[in-house]
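Below, each chain spelled out in residue letters.
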Amino acid sequence: MPESILLRWVKDGGIHELEAYRRAGGYEAARRVAEGMPPESVIDLLVQSGLRGKGGAGFPTGQKWKFIPRSAPVKYVVVNADEGEPGTFKDRALIEGCPHLLVEGIIIAALTIGAHKAYIYLRKEFYKGRRLLDAAIAQARSAGMVGDRIFGTDRSVEIVVHSGAGAYIAGEESALLESLEGRRALPRLRPPFPAQAGLYQQPTLLQNVETLCHVPAVINLGPERYQELGPPALFSISGSVVRPGVYELPLGTSLRSMIFEHAGGLRPGRRFKAAFPGGSSSALVTEADLDVRMDYDTLRQAGSMLGSAAVIVMDDAADIVEVIARTVEFYRDESCGKCTPCREGTIWITQVFDRLMARRGRTEDLALLESIAAGMTGTCFCPLGESVPPSLVASLRHFRGEYEHYVADGSAHAH
Amino acid sequence: MAAQPRLAALSERARAEIDRLAGLYEHRQSALLPALFVAQDEAGYLTPEALGAVAGALALPVQDVVSVASFYHLLHLEPVGRHVVQVCTNISCMLNGCGAVVERLQERLGASPGETTPDGRFTLRTAECLAACEEAPVLIIDEDRWPRVTPDGVDALLARYR
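Protein sequence lines correspond, in order, to chains A and B.
To convert, note that position 398 of the first sequence is 404 in our numbering; the numbers rise steadily by one, no gaps.
To convert, note that position 148 of the second sequence is 1577 in our numbering; the numbers rise steadily by one, no gaps.
By construction, these hints were calculated from the structure, which means they are not laboratory data.
Any given hint could turn out to be false.
[Claimed, not checked] In silico EDC-like pairs for lysine to aspartate or glutamate, Cα to Cα no more than 20 Å straight-line: (1) Lys123/A x Glu184/A; (2) Lys130/A x Asp1584/B; (3) Lys344/A x Asp1493/B.
[What the hints assert, rightly or not] Away from chain B, derived, C-beta distances all over 10 Å, residues of chain A: (4) Pro79; (5) Glu91; (6) Lys134; (7) Ala191; (8) Gly245.
[Said to hold, decoys possible] Short, incomplete list of chain B residues facing chain A, as computed with Cβ under 7 Å: (9) Gln1458; (10) Ser1459; (11) Leu1462; (12) Val1491; (13) Tyr1501; (14) His1505; (15) Leu1506; (16) Glu1536; (17) Cys1558; (18) Ile1570; (19) Leu1586.
On a predicted model such as this, the values are computed, not experimentally measured, just so you know.
All residues carry an ideal CB built from backbone N, CA and C; glycine is no exception.
Please model the entire structure based on the sequences and the hints provided.
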């Protein structure tokens, strides 16, 4: 097992006290940046590290920081801690395990782009995380690392924790900004992108929790060593595995190795059936894909995506029709209703599934599902609606027999 | 002042807290969600008076405040029980047996998801993925997350909340 970069802070109950974090080398990267490491150098390290956004889109982090206009007088850092993509729990684990790691990443980001204020948009349901983050920020403030004149310099970084109110769509970056401004979480038209006009129409660096937690390691280790160690990524592995959990593994680890070497394999007597490799928005993969490298490009070529690296594993006891039905219900309930393909499409699809599950399905229903999925592809205003077709279409391709079984009034269960 | 009677729906302390929250942002409207929770925590749910008071405190049109409040799952425009039980029913929890947990809860509470027990003690809800899939099936009661819940563990769990 390679040296751990992120989980070392989280394992064995984690590190919550400032002194313990500092003794282990915490806040050293932030100190170096505060004491005069030029922003270009920080950004160069990020570019060379190859770090990409861990929220789902995988955008190169260094490039994102570069997009923030240097000359703008007011800028913000906004942290997307509204983790909600089904199957994803790595950000929650980081916040609960070592809140100081996120705080340090935020300080570095704010100093580098020249922002004086950062907001953490935290999922309301992260009650424990909220208490721990508030405590960590208070400790860092007392120690002169958050607030005015941090690290004895003339620079200031304020951090405010802002709890959401229960809306999956608020995890979409532009909807998050709307919500943070005190409105309904409806996605914004882009461009302009947050880097030009984000929070309060000012240039805004929006990053996922895990992404910022990688930043101190990139600075401390240097991009070469960071690359050699993986590059590391957190995978949330859950579903029908013996040891579900957050695993830090090199990008490109195979699904087979994740399930059978790391997550304890399947329960006795069970056989692998399918997995979502990157949250419920990613197309299902099957046994034929067990040896595919789990990285951005390979999964894309395989017709799926790494997304938030949330691996949901299903064994042969899983009913694929039921799984997809539940997934679409979720998107229907969480659709903000702004655009028609998403609002209506998710309703239509769940109506077909209701019919199938009630054993009243019609032969033409499978083609109808494909047709609605095609109508939603590329037509939705934001990624929420676009998340529905991939797994639906993949399930119809790989597990058509189970759908036909429902239509033929049989149960797709246990063969 | 016309706004005074509306503000009276919230205590002095709640109004001071909303003012403090508004100061954390460049625009006071950003404090709307946190302010709504202050009002909800005090009144139990967002009564028309509480919504009006929040609107007054942040100088927002009350219809905007109602529109925002109605968008989010965790803001209640109707009365809820003293304890809110939220069961995750997303894929990982489903694969690990949340269906049986929901059934047992329904049976014990005599309430379906979305309903409140007649004694006003519990409101049962299903929830979006709670980002704790390694603890599936998982549920949240008020602010506490409970991991690996079994149908047989439901009684002991409910007994902790009076």
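Taking the hints in turn, this is what the structure says about them:
1. Lys123/A x Glu184/A: It holds: about 17 Å lies between the C-alpha atoms, which stays within 20 Å.
2. Lys130/A x Asp1584/B: Measuring from Cα to Cα gives roughly 26 Å; hence the hint is violated.
3. Lys344/A x Asp1493/B: 17 Å, holds
4. Pro79: Holds, because the least Cβ-Cβ distance between Pro79/A and chain B comes to about 13 Å, which exceeds 10 Å.
5. Glu91: 7 Å, violated
6. Lys134: 7 Å, violated
7. Ala191: 7 Å, violated
8. Gly245: At roughly 5 Å from the nearest Cβ of chain B, Gly245/A sits no farther out than 10 Å, so the non-interface label is violated.
9. Gln1458: Interface hint status for Gln1458/B: holds (4 Å vs cutoff 7 Å).
10. Ser1459: 5 Å, holds
11. Leu1462: 5 Å, holds
12. Val1491: 14 Å, violated
13. Tyr1501: 4 Å, holds
14. His1505: Not OK, violated: His1505/B not within 7 Å of chain A, min 10 Å.
15. Leu1506: Violated, because the Cβ-Cβ distance from Leu1506/B to chain A comes to roughly 12 Å (cut-off 7 Å).
16. Glu1536: This hint is violated: Glu1536/B lies away from chain A, its Cβ roughly 21 Å from the closest one there, beyond 7 Å.
17. Cys1558: Where the cut-off is 7 Å and the nearest Cβ of chain A is about 4 Å from Cys1558/B, the hint holds.
18. Ile1570: With a minimum Cβ separation of about 11 Å from chain A (threshold 7 Å), the hint on Ile1570/B is violated.
19. Leu1586: For Leu1586/B, the interface hint is violated, since the closest Cβ of chain A sits about 17 Å away, which is over 7 Å.
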